[in-house]
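*Asks:* So you can see what is in the structure, the chains are spelled out below.
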Amino acid sequence: MTGFIIRRLLWGVVLLIAVIAVTFMIFYLLPSVNPAILRAGRNGSPKIIAEISKDLGLNHPIYVQFWNYIKNIILHGNFGYSYYYNDPVGGLIANRLPATLSLTVGAAFLWIVVGVPVGIISAIKRRTLLDRAAMGTALVFVSAPVFWLGLIALYVFANDIGQFHVFPGAGSYVGLTVNPLKWFESLLLPWMVLSATSTAIYARLVRGSLLQVMGEDYIRTARAKGLSERRVILKHGMRSAITPLVTVLGLDIAGLLGGAILTEGVFDIPGIGRLNIDAIGHGDVTIVQGTVLVASIFIIVANILVDIAYAFLDPRVRYE
Amino acid sequence: MNTSIRRRALATVLVLFAAAAALFAYASSHSTTVANGAGLAPAQTGSGENLYNGKRGGTLTVYDSEDFEHLDPGEAYFALDYEIMYATQMPLYEYLPNNSTTVSPMLASGQPIVTDGGKTVTVHIKDDVHFSPPVNRLVTSADVAYAIERGANPNVANPYFIPYFGDIVGAAKATGGPIAGIVTPNATTIVFHLTQPTAILLEGALSLPITMPVPESFAGPLDKDKPTQYGTSSEVFTGPYMLESTAAGKFLGLGYQPGKSATLVRNPNWNPKSDPAPAYLDRININIGGASQVIGLQVLKGSDSVQNDTPTNANVELAYTKYYKQLYAVPGAGDHYVSLDNAKGVFSNVNIRRAAYAALDRAAMVKVAGGTIVGEVATHFITPGSAGFTQSGGLAGPKYPWNEYPDGNLTVAEKYMKAAGYPSGKYTGSQSVKIVGSDNGNSPEEAAIVKDALTELGFNVKLVLVDQSVMYAKYCGVPAAEVDACPEVGWIRDFADPQTILYVPFWGPAITPTNNSNWGQVNNPQINAAMVAASQVVNPTAAADAWAKVDDMLVDQAVAIPWIFDDQPNIESANVRGINDLWDVGEWDYGYTSLDNP
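Respectively, the protein sequence lines represent chains A and B. Going by the working numbering, the first residue of the first sequence is number 1, and it counts up by one from there. Going by the working numbering, the first residue of the second sequence is number 1, and it counts up by one from there.
None of these hints come from the bench; they were simulated from the model. Since the structure is predicted, the reported quantities are computational estimates derived from the model, not experimental observations. Errors might be hidden in some of the hints.
[To be verified] With a cut-off of at most 25 Å between alpha-carbon atoms, the simulated DSS-like pairs for lysine-lysine come out as follows:
1) A/Lys-47 - B/Lys-426
2) B/Lys-367 - B/Lys-418
3) B/Lys-415 - A/Lys-47
4) A/Lys-54 - B/Lys-226
5) B/Lys-173 - A/Lys-47
6) B/Lys-426 - B/Lys-415
7) A/Lys-182 - B/Lys-301
Given only the sequences and the hints, what does the whole structure look like? Please build it.
*Replies:* In structure tokens, the structure reads:
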């Protein structure tokens, strides 16, 4: 197992460098904007632009810029300097991470505690009205774009622009350390919106997976041995059925930690997603690279954790 | 499928159709076309508002989906940045919010004194203005001199230093150190010596943020950073408000959190006797980010708030129909035009340019942009509220056949195509036309109207849509990209002098290989000469006439097709007495804005 983990970690590092290289290349191959021109402003003269290019190191060949970037990250943990904010990218990301973390963890908790039981009940009560209602609702939420869902939720439930003043509206986010109660209140609606689609997907996933597992021979054996139905489902059925769920869960959480762009945008939550989308608008390459790198780290780490979790959840899976 | 299931399915389909029809009917009855409609009351403009009948106190919340670019007076060159600058700093001169043509002394104690045939400008400054903590001391003329000189420092890179201050003796070669043509004989006097009699332009430019005093003792060390950290992390202030800062003058992380918020509080060292701004508000909380559609509703339905950036068309219509008193459409917010490549390609022929001008349905473009609330059909380049606008024909514009038909006139257009050598009135040559537009907002539809007009004239048109910043930086601002037309370019005056509207976009020698703002590469010797002559006219009335003549020449040569004089729609909560700066594209002026119930 230790060898497996080390191998996966080494491959993770290689993958990270590949991600950095691809992100780096994208901004040179696609028609983006020269940061020096943005920095120089509307009337920036060629002389000023050249001067700024030199200051930013943009006058070097691309491989030198790439090498400097990699070197700074590995040796100094320096993700570069934002062209737009004149601030270290690492600091900006660290500043935004708590909001994204708050949003993601809460939403993930919600979609697991709602989605998994709904999936189990649907599987047990297959083809009943309850099953059809649950899966029909799930279909609606799977189909609903999160941006649209967020706006509708605000128009209906926000305490400033909604029809029913239930939850705090957009822009109400405060940090957990500033005011825990307000932090919780401000995230209720974003959590519900962000988790809606995933809840629906997880419910459908659990239902399908459990239905498949419940037809297996070992389930019949467990029943034949006189185990209670609850024990058969939860101990024997779910243990197998949950394996594909773990894969998806790891990647979903990791993906959101890289920034829930739409939810953060609609609810005005200053997280990594909004930092990223703003940076794209400003042509602020270093921030985009930094956020992509952070998202990649989350996904790679999540993948490794998922692989390890597999070994514990499914006895058939063993690593050399 | 048995009969009952089929009946149930049919019933379901019918119910769904009925529901859809009901929703459609409801939506139709609640949708409006007021923004484009005729005969309805125009939106409030903010002109002539009483600036001094507000109540003191309260906190204003400002919703702003966009972030600021620069908070350093030496770097700021963006309407949103100016809001902060003019609320927190005192320039030598400033336009009062309801006046966009006459500057008032701010830090200066009186009007500038022009001598030496327009080659010397002397300004006396007040002796009772202090910097905010930690500097605390009196502002002197040396602080104004340093503020202007640092504009040439590459670490500051002021974007308008050369266009407006380049005629000061020694400024052209300055790099941030002392400039020979800026002299401070005593603590309250600053003298500018010019190489040419361009005093009238400099007088206007003395209202720009670069003239806001900067203490060298505080900013000097920060200006050594690349780029400067003055205005990025720390700053001192002279206006009624300041960014909330530490005792050491650092505001980053406190009064400004990039992409999150900015907070303005009262400046403890501000002297109300030396500033005309009443500064009613106690505090201004600026919330950065969020979806514009949501922000607009929060402002219209909420209290104590304004939206800083342009509201969506849907919210403007909503405001117009349901919250009329909370909507302003402030004129003079610049213009937009279709640039045409005067240097090469089909549009190097003046008659083809005139034909394109005549064929274009400019009224349709304005309608797509949001209708008469957001602007008027443009007929020339000097914008409403600027000197020379009336002399240049006002809203009707110069009288030329191709300028007479806002809806476009194909007959007139074909006449000029024939004059260009195409007897059928249609283009029969082999060159195609490349148009590059923005893919943001309504721009694609506006660009499509331009494409349609040119297609009707027989051109083979290729339309490319890209992000607005890419449009300028990769295509329209790069002559080598060989773009024939850019339908979305526009210009906002820096101050009321018409030179600031016409000089950069149409002055031939200003063409640069990159970051070019003369998008049509207009380089007409007669127009260039007329600009030089107009820039040296000292008498303001004569100068306005001279620039109006230049404006007329630009329309005569159809160097570009102006299509909208922009108005800036602004929305506020019902209890906000918002004051808009007519001179700053209608942005909110926090120095004058107040709350009804603080």
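*Asks:* Taking the hints in turn, state whether each one holds.
*Replies:* Right, here's what the structure says about each hint:
The straight-line distance between the Cα atoms of A/Lys-47 and B/Lys-426 is roughly 44 Å, outside the 25 Å bound, and the hint therefore fails. A C-alpha spacing of about 30 Å is found between B/Lys-367 and B/Lys-418, which places the hinted pair above 25 Å, so the restraint is violated. Proposed proximity of B/Lys-415 and A/Lys-47 is contradicted: the alpha carbons are some 45 Å apart, above 25 Å. Of the pairs offered as hints, the one joining A/Lys-54 and B/Lys-226 holds, with about 10 Å between alpha carbons and a cut-off of 25 Å not exceeded.
About 12 Å separates the Cα atoms of B/Lys-173 and A/Lys-47, which keeps this hinted pair within 25 Å; it holds. Our distance criterion of 25 Å between C-alpha atoms is met by B/Lys-426 and B/Lys-415, whose separation comes to about 10 Å. Restraint check for A/Lys-182 and B/Lys-301: the C-alpha separation of about 22 Å stays at or below 25 Å, so the hint holds.
Going through the hint list in order, the structure does not satisfy hints 1, 2, 3.
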